[in-house]
Amino acid sequence: MDNLSNQYVTGYFNSDSIEVGGQTIYSIGTNTLNDYDAFVAKFDSSGSLKWIKQIGQVGGSYAELLAL
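In this note's numbering, the protein residues as written are 886 to 953.
Because the hints were derived from the structure by calculation, they are not lab data. Be careful, since some hints might not be right.
What the hints assert, rightly or not - Taking CB as the label site, the calculated pair distances span:
no., residue 1, residue 2, range
1, Gln942, Leu889, 26 to 36 Å
2, Asn919, Leu889, 31 to 41 Å
3, Asn919, Asn888, 34 to 44 Å
4, Leu889, Lys938, 14 to 24 Å
5, Gln908, Met886, 15 to 25 Å
6, Tyr911, Asn888, 28 to 38 Å
7, Ser933, Leu953, 16 to 26 Å
8, Asn888, Gln942, 10 to 20 Å
9, Ile913, Leu934, 12 to 22 Å
10, Lys927, Tyr947, 11 to 21 Å
Where is the CB? At the ideal position from N, CA and C, for every residue including glycine.
Using the sequences provided together with the hints, build the complete structure.
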């Protein structure tokens with residue numbers, strides 16, 4: 886959480902798509918065993934999604950920690 890009470894979330898997924906804050910992002914890779922895509926999302930103080938950034942390539946992309 887930042888000084889304006891915005892919240893940031895990061896994670897990764899291994900499926901065709903995932904919904905985050907009402908927005909769907911789609912896999913960049915092939916969804917095979919170790920082919921993950923990562924994302925970082927920002928929510929405002931009321932919980933509304935402000936933006937989402939997907940990070941992916943063929944092969945694994947992981948996000949587990951976030952520093953502000």
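The hints, checked one at a time:
1. Gln942 to Leu889: 26 to 36 Å: holds, 32 Å
2. Asn919 to Leu889: 31 to 41 Å: Roughly 37 Å apart at Cβ, these two residues keep to the hinted range, so it holds.
3. Asn919 to Asn888: 34 to 44 Å: Holds, at about 38 Å.
4. Leu889 to Lys938: 14 to 24 Å: holds, 19 Å
5. Gln908 to Met886: 15 to 25 Å: holds, 20 Å
6. Tyr911 to Asn888: 28 to 38 Å: holds, 33 Å
7. Ser933 to Leu953: 16 to 26 Å: holds, 19 Å
8. Asn888 to Gln942: 10 to 20 Å: violated, 33 Å
9. Ile913 to Leu934: 12 to 22 Å: holds, 20 Å
10. Lys927 to Tyr947: 11 to 21 Å: Holds - the Cβ-Cβ distance for lysine 927 and tyrosine 947, about 19 Å, lies within 11 to 21 Å.
Consistency with the previously given hints fails for number 8 only.
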